[in-house]
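Engineer: If you read the sequences in order, they're chains A and B. First residue of the first sequence? That's 1 in the UniProt record's numbering, and the numbers climb one at a time after it. First residue of the second sequence? That's 1 in the UniProt record's numbering, and the numbers climb one at a time after it.
The set of hints was computed from the structure by calculation and includes no laboratory data. Any given hint might turn out to be false.
[To be verified] Sample of chain A residues facing chain B (criterion: CB under 8 Å; computed from the structure):
hint : residue
1    : Arg27
2    : Leu30
3    : Ile32
4    : Arg33
5    : Met37
6    : Arg42
7    : Gly53
8    : Gly68
[To be verified] If the Cβ cut is set under 10 Å, some of the chain A residues that face chain B in the computed set are:
hint : residue
9    : Lys40
10   : Leu70
11   : Asp146
12   : Lys150
13   : Leu457
[Stated by the list, open to error] Calculated Cβ distances over 12 Å to all of chain A for the following chain B residues:
hint : residue
14   : Ala31
15   : Val39
16   : Ala67
17   : Pro155
Note that the Cβ used here is the ideal one computed from N, Cα and C, for glycine as well.
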Amino acid sequence: MIRTPLRPLARILEARQNGENPDAIERENLRIRHEQMRDKSRVRAEGRLLVLGIAFFCAFSVIGARMGMLAASEPAEPRAQVSGHSIIASRADIVDRHGRVLATNMSTHSLYAHPQQMIEPDRAANALAGIFPDIDPDRLAARFKDPKRKFLWVKRKISPEQMQAVHDIGEPGLLFGPREMRLYPNGALAAHVLGGASYGAEDVHAAEVIGTAGIEKFLDEELRDPSRAGAPLELSIDMTVQAAAEEVLDAGMKLMNAKGAASVLMDVRTGEVISIVSLPDFDPNDRPNPLVEGNPSDSPLFNRAVQGVYELGSTYKIFAAAQAIDIGLVNKNTVIDTKPPFEVSGFKIGEFANKNYGELSVEKIIVKSSNRGTGKLALAIGPKRQKEFLKTLGQLDATPLEIVEAKGGAPLFPKRWTDLSAVTISYGHGISTSPLHLAAGYAALANGGIYVNPTLLKRNEPATGTRVMSEQAAATARGILRKVVTEGTASFAEVPGYHVGGKTGTADKPKERGGGYYDDKVIATFASIFPAHDPRYVLIVTLDEPVETSGKKPRRTAGWTAVPVAAEMTGRIAPLLGLRPDFGEPGLEKIFSTSR
Amino acid sequence: MTEMVYGTVPVQGGEPVLPKWWRTVDRWSLACILMLFGVGILLGLAASVPLAERNGLPNFHYVQRQAVFGGLALIALFVTSMMSPLMVRRLAVLGFLGAFIALALLPFFGTDFGKGAVRWYSFGFASVQPSEFLKPTFVIAAAWLMAAAQDLGGPPGRLYSFGLTVSIVLMLAMQPDFGQACLVLFGWGVMWFVGGAPMLLLIMLAGLVVLGGMFAYNMSEHFARRIDGFLTPDVDPTTQLGYATNAIREGGFFGVGVGEGQVKWSLPDAHTDFIIAVAAEEYGLIMVLAIILLYATVVVRSFVRLIRERDPFIRLAGTGLAAMFGVQAMINMGVAVRLLPAKGMTLPFVSYGGSSLIAGGIAVGMLLAFTRTRPQGEIGEILRGRPR
Numbered sequence: 001m002i003r004t005p006l007r008p009l010a011r012i013l014e015a016r017q018n019g020e021n022p023d024a025i026e027r028e029n030l031r032i033r034h035e036q037m038r039d040k041s042r043v044r045a046e047g048r049l050l051v052l053g054i055a056f057f058c059a060f061s062v063i064g065a066r067m068g069m070l071a072a073s074e075p076a077e078p079r080a081q082v083s084g085h086s087i088i089a090s091r092a093d094i095v096d097r098h099g100r101v102l103a104t105n106m107s108t109h110s111l112y113a114h115p116q117q118m119i120e121p122d123r124a125a126n127a128l129a130g131i132f133p134d135i136d137p138d139r140l141a142a143r144f145k146d147p148k149r150k151f152l153w154v155k156r157k158i159s160p161e162q163m164q165a166v167h168d169i170g171e172p173g174l175l176f177g178p179r180e181m182r183l184y185p186n187g188a189l190a191a192h193v194l195g196g197a198s199y200g201a202e203d204v205h206a207a208e209v210i211g212t213a214g215i216e217k218f219l220d221e222e223l224r225d226p227s228r229a230g231a232p233l234e235l236s237i238d239m240t241v242q243a244a245a246e247e248v249l250d251a252g253m254k255l256m257n258a259k260g261a262a263s264v265l266m267d268v269r270t271g272e273v274i275s276i277v278s279l280p281d282f283d284p285n286d287r288p289n290p291l292v293e294g295n296p297s298d299s300p301l302f303n304r305a306v307q308g309v310y311e312l313g314s315t316y317k318i319f320a321a322a323q324a325i326d327i328g329l330v331n332k333n334t335v336i337d338t339k340p341p342f343e344v345s346g347f348k349i350g351e352f353a354n355k356n357y358g359e360l361s362v363e364k365i366i367v368k369s370s371n372r373g374t375g376k377l378a379l380a381i382g383p384k385r386q387k388e389f390l391k392t393l394g395q396l397d398a399t400p401l402e403i404v405e406a407k408g409g410a411p412l413f414p415k416r417w418t419d420l421s422a423v424t425i426s427y428g429h430g431i432s433t434s435p436l437h438l439a440a441g442y443a444a445l446a447n448g449g450i451y452v453n454p455t456l457l458k459r460n461e462p463a464t465g466t467r468v469m470s471e472q473a474a475a476t477a478r479g480i481l482r483k484v485v486t487e488g489t490a491s492f493a494e495v496p497g498y499h500v501g502g503k504t505g506t507a508d509k510p511k512e513r514g515g516g517y518y519d520d521k522v523i524a525t526f527a528s529i530f531p532a533h534d535p536r537y538v539l540i541v542t543l544d545e546p547v548e549t550s551g552k553k554p555r556r557t558a559g560w561t562a563v564p565v566a567a568e569m570t571g572r573i574a575p576l577l578g579l580r581p582d583f584g585e586p587g588l589e590k591i592f593s594t595s596r
Numbered sequence: 001m002t003e004m005v006y007g008t009v010p011v012q013g014g015e016p017v018l019p020k021w022w023r024t025v026d027r028w029s030l031a032c033i034l035m036l037f038g039v040g041i042l043l044g045l046a047a048s049v050p051l052a053e054r055n056g057l058p059n060f061h062y063v064q065r066q067a068v069f070g071g072l073a074l075i076a077l078f079v080t081s082m083m084s085p086l087m088v089r090r091l092a093v094l095g096f097l098g099a100f101i102a103l104a105l106l107p108f109f110g111t112d113f114g115k116g117a118v119r120w121y122s123f124g125f126a127s128v129q130p131s132e133f134l135k136p137t138f139v140i141a142a143a144w145l146m147a148a149a150q151d152l153g154g155p156p157g158r159l160y161s162f163g164l165t166v167s168i169v170l171m172l173a174m175q176p177d178f179g180q181a182c183l184v185l186f187g188w189g190v191m192w193f194v195g196g197a198p199m200l201l202l203i204m205l206a207g208l209v210v211l212g213g214m215f216a217y218n219m220s221e222h223f224a225r226r227i228d229g230f231l232t233p234d235v236d237p238t239t240q241l242g243y244a245t246n247a248i249r250e251g252g253f254f255g256v257g258v259g260e261g262q263v264k265w266s267l268p269d270a271h272t273d274f275i276i277a278v279a280a281e282e283y284g285l286i287m288v289l290a291i292i293l294l295y296a297t298v299v300v301r302s303f304v305r306l307i308r309e310r311d312p313f314i315r316l317a318g319t320g321l322a323a324m325f326g327v328q329a330m331i332n333m334g335v336a337v338r339l340l341p342a343k344g345m346t347l348p349f350v351s352y353g354g355s356s357l358i359a360g361g362i363a364v365g366m367l368l369a370f371t372r373t374r375p376q377g378e379i380g381e382i383l384r385g386r387p388r
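If we strip away everything but chain A, and leave its shape as in the complex, we get (with noise of 0.2 Å):
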């Protein structure tokens, strides 16, 4: 770049010789530059002005045909919707084994209120309240008569009738949306495995139905798969068995006094949950609100059947048994000493009553139900082989059932598991559990010795699962279980042609802040298999604090409340699970000859 000096010197130097101003040669040489740069931008200016003025123009041009093209067009139906992605609302149905429906869709109406659209809200408010008894008017026109609301739900979901009543209204700014709504059909029954279900996220013309509970929310994703194309859901709950078994249940609670109750009947090859039953329940489809005080478990929400973890007491003798026996410390036959006293780190452990029974046999141990023969077995076990144990029995974690729950359900047990522990833990005290725990550990004793994961979901072969004890060792468990019912505590268990095989469990209650237990609160339990020389299913009965009072003094223990019970309930579910009672035999004394 040449640089021209503002300040020539052969000019200036002239101008000096003039006698002149050097400064006016540099102040001419300044405005000369000056225009020239000047003319430079004005030349530059001019282009992009005109390229201004030419994007102004268009832009101008590009609105006035955008206006056109929407006066153009015809004014559209008001359409609400949610920019970028649609609501999906279709939920799956839920059905029972036999494809019975359990959960369903039924489509229906949102009610809302475009209140600047609204000719006399103090007069809808008023009909409205007359149709919704829950609407206060006065609110409901305020709220209306709110210079800022563009907009307000009045009523989530509205049947047929009420939808009509609100049209007999006559008022423009009502208007109506469409809902699909879950319904369950049976009302309280399987309460606790379906959960519930409410809205999500909603529009006017749609809404999000979301499970909120139970297996709808543990499934929610798979239930509201578009890609499923509304295949229903096929549970492993059996609608009929499901309603027998609450409803024994529910008689027996009330019989019995107690103020809970639960039951699980399990297939002990496949793992599925035929029925599971906690009471007091609640209707699904007006779903109860959570406690706000108390103790959350009183609340008919809770699952005692899963979520509620319990001391199960005797019930779980057998397990220290079955463990013995299969890891050939002792067969069934081989006699112990039960007599007192027994210490462990200076405890000493009592039996029921301060009974003394003596020397036992390991069959009798169960029988009689006996704390220190048991306790003898686990010591010789070990407490590390016990945890082992049970671990593999899945004693130890939540049960992995397929409803939100579940994960609530985790067993309680002493991290130090020491020989004291063991002791107390083989006759069910130290551990808590829940029924269903005690359902899928029972259930591995009667398929022979393997451990099936408890599932909601149908299966319609034989669950896979690990070999937890040899099968000699589980068919000599069955055995014992058979003679406590024809020989021990559970001799009300018997159902004729069904050969129930069971242990009773009766456990004091823990109080609630510690220190002790309860001597007038128990949790009497009642684990079966049936047919018992080779078991399908297995039934756990729990009742909490139940009182039997037809006798002289007030019987809590399991053999006099839970064992009724579930007898009742085993004679009426076998038969609807399609088991032919089996009598034996006849004897010829009961063959008659009808002819001659």
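Using the hints provided, position chain B relative to the given structure of chain A.
Structural biologist: Below, chain B without anything else, positioned relative to chain A:
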């Protein structure tokens, strides 16, 4: 000497003010502005009635106010357009300083009228929005700085004006008032462009904006949803935009008839931000196209007249004022037809609003002052052999 001066009649320096003004002013633009003002009153008759009713005032209360403010605005317009560019520059720079200080003090003394953004000073009988006055005066100040930068040995005016722009944009964004902030930034950009921004830098900037937009779209879900929501053809009819779109559709080519429109009853901003929707509904596409034509005429005519301008300051200042005026109208109408995302922006001279009217009058008055015909050294150029 004294007696010779005493008692003489002072000689008129050149021709009288009014005839000179009439001869040199851009009469077409002036006519367009007056028509826009008339349109504003006409639409106000329809659009501001619901607001008056809601506030329990006489039906045409806001029309009267609009007429009063409009009269003041027209006076300001005429007076300003009669000034010489030098006078305009001096007064505008002083005004800019005042408005700048007022804007800076807003967080301490301003009110938000319950709208969430502190933009106003309340004086009881009226309220003033300093940013409205800041916009045109800022253009003048920035143009002055930029023009000064073109002289040899002048100050680094572009840098100074850019610093001013950034500080104003930040203050406006803090209110928050992104619409005005964008407008200020845009006005400065246009002046920079006309004032000789290097092409390479402009292209790089454009590329950077595109890249940044794509990056934001891909990285930020919120941003992407805003854009997607804007791009989808469906619009939620319960929003202001939905009402506006539907009103334009209802109006069709010839409108539903004077006073028959419904949209003004449901739109809270029918008299300001969405007045074009009221126009479209009641008077149809014809009216809207006429309004657009008026704005386009003012803007394009101003640019064309400025092409011939020799003085860099006048050229830049005029460009900035015209561009801001046009863009404000464009944004307002573009929002109503969903070409642009929603931004609260008044339609100059048509929307109701005291500050905006008077500030608009001053701004257009300055624009008219700059676009007046004045000798551009044509003779000299012809003599120098560079005929245009």
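Engineer: Hints first: check each against the structure and report whether it holds.
Structural biologist: Cross-check of the supplied hints:
1. At a threshold of 8 Å, the smallest CB-CB gap from A:Arg27 to chain B is about 12 Å, leaving the interface hint violated.
2. Nearest Cβ of chain B to the Cβ of A:Leu30: about 6 Å, under the 8 Å cut. The hint holds.
3. Because the beta carbon of A:Ile32 sits about 11 Å from the nearest beta carbon in chain B, more than 8 Å, this interface hint is broken.
4. The beta carbon of A:Arg33 comes within 6 Å of a beta carbon in chain B, closer than 8 Å, and the hint placing it at the interface holds.
5. A least Cβ separation of about 7 Å between A:Met37 and chain B falls short of the 8 Å threshold, and the interface hint therefore holds.
6. With 8 Å as the threshold, the beta carbon of A:Arg42 comes within range of chain B, its nearest partner Cβ sitting at about 6 Å, so the hint holds.
7. At about 4 Å, the closest approach between the beta carbon of A:Gly53 and any beta carbon in chain B falls short of 8 Å, and the interface hint on this residue holds.
8. The restraint placing A:Gly68 at the interface with chain B holds, with a minimum CB-CB distance near 6 Å, inside the 8 Å limit.
9. Against a cut-off of 10 Å between C-beta atoms, the interface hint on A:Lys40 holds, since the closest Cβ of chain B lies about 9 Å away.
10. This hint holds: A:Leu70 has a C-beta 4 Å from the nearest C-beta of chain B, less than the 10 Å allowed.
11. With a cut of 10 Å, the hint placing A:Asp146 at the interface with chain B is violated, because the nearest CB-to-CB distance is about 13 Å.
12. For A:Lys150, the interface hint holds, the least distance from its beta-carbon to any beta-carbon of chain B being 6 Å, beneath 10 Å.
13. Residue-level restraint check for A:Leu457 is violated (minimum Cβ-Cβ distance to chain B is 35 Å; threshold 10 Å).
14. Taking the minimum C-beta to C-beta distance to chain A, about 18 Å, the non-interface status of B:Ala31 holds against the 12 Å cut.
15. At roughly 15 Å from the closest C-beta of chain A, the C-beta of B:Val39 stays outside 12 Å, upholding its exclusion from the interface.
16. Residue-level check passed: B:Ala67 sits 27 Å from the nearest beta carbon of chain A, beyond 12 Å.
17. A cut-off of 12 Å between C-beta atoms confirms that B:Pro155 is not in contact with chain A; the least separation is 15 Å.
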